[in-house]
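Residue numbers (the working numbering), protein chains in the order written: chain A, 1 to 481; chain B, 482 to 915; chain C, 916 to 1168.
These are calculated hints, taken from the structure and not from any lab test.
Keep in mind that a hint or two might mislead.
[Said to hold, decoys possible] Listed next, the in silico DSSO-like pairs over lysine-lysine satisfying Cα-Cα at most 30 Å (straight line):
no. : chain 1 : residue 1 : chain 2 : residue 2
1   : A       : Lys441    : C       : Lys1042
2   : C       : Lys980    : C       : Lys1025
3   : A       : Lys355    : B       : Lys771
Here the structure is a predicted model, which means the values were calculated and not measured.
So the chains spell out like this:
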Amino acid sequence: MNPKVQEPSVEKVTSEEYKYGFVTDIEADSAPPGLNEDIIRFISHKKKEPPFLLEWRLKAYRQWLKMKTPEWAYVQYPPIDYQDIIYYSAPKAGPKSLDEVDPEVLKTFEKLGVPMEERAMLAGVAVDAVFDSVSVGTTFKKKLGEMGVIFCSFSEAVHEHPELIEQYLGSVVPYNDNFYASLNSAVFTDGSFCYIPKGVRCPMELSTYFRINAAKTGQFERTLLIADEDAYVSYLEGCTAPMRDENQLHAAVVELVALKGAEIKYSTVQNWYPGDKDGKGGIYNFVTKRGACRGDHSKISWTQVETGSAITWKYPSCILQGDNSVGEFYSVAVVNNMQQADTGTKMIHLGKNTKSTIVSKGISAGKGQNTYRGLVRIQPAAENAQNYTQCDSLLMGDKCSAHTVPYIEVKNNSAKVGHEASTSKIGEDQIFYCQQRGLSKEDAVNLIVNGFCKEVFRKLPMEFAVEAQKLLSVSLEGSVG
Amino acid sequence: MTQDLYVSSFPRLEAKLPGQDAAWLKALRLQALERFKQTGFPTDELENWKYTNLSLTLLKESFAFETATSTAAVATQLKKAGFDVDKAHLMVFINGRFSKEFSSLKPLAKGITVQNMASSLSSETVKAFVGKIAPSQNRAFTALNTAFFTDGLFVQLEAGKVLDAPIHVVYLSANGNQTTQSHVRNLLVLGDDSKVNVIEHYWGENLSAYFTNVVTEAAMAKGSSLDHTKIGLEDIKGYHIGSLIALQEEGSRLSSRLFSIGGALTRNEIETTLSQKKAECVLEGLYLAKEKQHVDTRTFIDHLSPNCNSHEVYKGVADGQATAVFDGRILVRENAQKTDARQSNKNLLLTKEAKVYSKPQLQIYADDVKCSHGSATGQIDEEALFYLQSRGISRDEAKKVLVYAFAGEMVEKIESAYLKPALKKLVDNWMEVH
Amino acid sequence: MLIIKGLKAKVEDKQILNGIDLTINPGEVHAIMGPNGSGKSTLAHVLSGRPGYEITGGEVTLDGKDLLSLSPEDRARAGVFLAFQYPVEIPGVNNTYFLKAALNAIRKFKGQEELDAIDFLELVKAKLKPLKMNESMLQRAVNEGFSGGEKKKNEILQMAVLEPKLGILDETDSGLDIDALKVVADGVNALRGKNRSFLIVTHYQRLLDYIVPDQVHVLADGKIIKTGGKELARELEEKGYGWLTGEKKEAKV
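With the hints as extra help, turn the sequences into a complete structure.
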């Protein structure tokens, strides 16, 4: 009988200090804590928004008051006091160029690895950095502008392109969609906006960094990404947050619209502060992300590596409206210590000949609880729909858990729907085999975990794939696979 | 059919139910009624009833409580269906009440009891188990069943006893023009290393709607083996809500197969708890649904202990405007190391209007386990159809061949010489007629 | 090179090794034979550092340094290689990638430069041919879907790449047909050299026709009860183990 193998990656992950744990002290022009119509008017006024947007916010807020916190997910947390959150916090003056940006803020971005200098331009990545609730600086606007690509903060888009905002905001995630989406619709302060015009293939990957700073500031970003006919864009989203004692709420909404022949690739590497060994602190990540494949032959791919947050509740989804549209979801979700995750995806097949692929890899360690919750719905008009789903769970240690809850609803018999799920652990004999070949236990575990996640990592843009591996606290040589 | 009607009718009806001398049963019934009052009938807002909305169907009907008996040449019908009835212990219940006339038991060895429930209410065993394996908390229909059951099957095998011949229990609903309901309670108690084969067979001959509510509790001691088959052939106007709840001890083996073919609305819940190590369960099922039938099957396997195996295969064919629902939950608890749990659900949709909802779930709290599930839904393979056609077989005939190949797998798996021919006939008939 | 003194070990509270004394000099090939349950595989596992075994006495040194206090990977880096009797499958991990990682870990330990992907691929492809292995095996996951013979060949391939000081073969011949046996034996023989030693654990004499040992030891009840030259293996084939262990058992050949 072999004794239990000490799981080294677990120890390594917990002992590695969350390296992004630092705080910037900036004079913030914040609203008092609490939520009511006045606060919303305050936010809208501060941002100089047009009346239609204020109306929309208020509609959402009134709806939110009638809604109840959803309780069906396999996550447990103390009730949130929504009156105890500050909904608006921003540094004093809005910078007009990088030179005007508060050096403290720039230093923060430096630490986060967001170089706003020439280096960034050489790397060819345009960055829209959000500092707390207001966007600070956007590079490469000009270059992208030449191609007709609009990539700016949401607030800016409201001023420069109100017609686009009015047309598309809430068209994929309506203001009354769910509790957190309604809250977000009422109090969102900023986020990213992106529009790729017809036929344009965005030459560089667009990315965004987020940060939650001042205490009790929930982060409510709103992102809207529109790819017009035959356009292509690859968008990266990665975020970090400082150590805090109180839980911080992050209720974002991301809406993607892909018109005829367009393709949107949305990649996320998420490592929000997960809470300490005892589950104290940590971000609550309650996000609604949805993509609408409006046009025929359009495609939306969600790729994500989630390792942070105390609690994660998100289901990036695709509405496959256009005929021959394609939806994809590739995900690696890691929970450790006391983390809880209830995540997955929804693929709604409406048009003809639609296809969706779901590959979900969950890794549970420590006392983590990981749940995959997915919905594949084939509506009556969805002729020849195809779905393939693969959910695998890897358990490390005997105090963690992994659950799979797929909902498969087929209302058209020409559909082909296949779903497979499996659960396993890393075998002691596999680890020993690697050790006998000269690999340390850590290396062995990393090797096997990497093999487990291979399919998903392959889908990530190159830069992210690297950060993703690091996030699994692995230092592997060479590239993936 | 409303909650109030049941609650208000209870005092009057209870007085006529068997067990008037059994204080324990009277108390149990009262408790069950209280629990039913607490939950009421399930609505589709409850996660477990999400895809089966009773308010538009079952709850709109009304069923009389009092029922008359009926004459039925049961044995002859069974023989026609392909059962070699003489080889089995036949127990017949008509409209929820035991019919000695139509039943025929073979001689039973000492230590083996096969009786109807109403005659067994003074048994210490019955008292010990009824309502304990299937408690009525949060289960509206179990509570209703406990409060109102009229009769059912009681089987007990003492340690080491083996009953070779199968127990074939027929639950016939036949009431002419009257709507009727029957609440039937079965209890199977298997002692250490005992072995028995039970077939629950439901059918109806009715001109009006009727409702069957059955709860079967099975207590399986160390090393015991229960081979259980449920054949649901309710009439097209019948509503059937049934559950099989088992509690398994060390090394026991439960093999349960479900054939859901009849009924306007059928809901079967099969649950077993693998409470001690090395217990095993094999759950299989086939549904054949057409027209506007609604078939809902849910299973729950609780791996409480290490080294247990569970294996599930549920397949079905949905034709016409039928709706099929499958919800299979496997829970592997923290200590249940070396669990091997596999589940497979396959659905064949023959028409555009037919619908399938499948929700296979895994909840894993132990790490040294092998668990997997798969769910596939689709239609008849065009390639295969064409292949058959190219060999001279008509398209319709080819379809039947392929559907049979799909569904027939569940019949081929049957080892019992008693069951197989009859079930083969059943599935064949369904193919022909529809 | 390898000195084992009075080695005692137990598994699950059962004493298996009862005092093994063995010295293997550089360049030597030693065979360990014995009836089932004698402790042959246990000896191989204990030397490689497999978890689950408790050392209850004795010592083992490799080139003068204590082996038993080292972790399995450190023993590997010190030059110990175990060709498993039942090589485990590691799905999702590419065979080539795995070998490169292992080789580079060992090279790094020795202060040598690590090989990049291209150089490594060249190295490994060259080693494939004599083992009559297909290049496609390099693309597959470690041992996944490999036949018994392929798994054993994969073990020898790894040994050829990692170039250990001490190669321990744990019943490498079990499950192999004659042709595969010859190929495996050729692979091992090609690796023989004055700085490399082998410890071959085997039940059957046949392998030793191809990999001719310098010494043959018979293990019974956890102790070496007889040591001889290669003729001892023949004698065992003819007479069985009974005449040595004093029991009237027919050896299974």
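Structure-based check of all given hints:
1. Proximity of lysine 441(A) to lysine 1042(C) is assessed by CA-CA distance (about 27 Å); at most 30 Å being required, the pair is judged to hold.
2. Restraint check: the Cα-Cα separation between lysine 980(C) and lysine 1025(C) comes to about 16 Å, which is no more than 30 Å; the hinted pair holds.
3. Annotation: proposed proximity of lysine 355(A) to lysine 771(B) holds, straight-line Cα distance about 28 Å (limit 30 Å).
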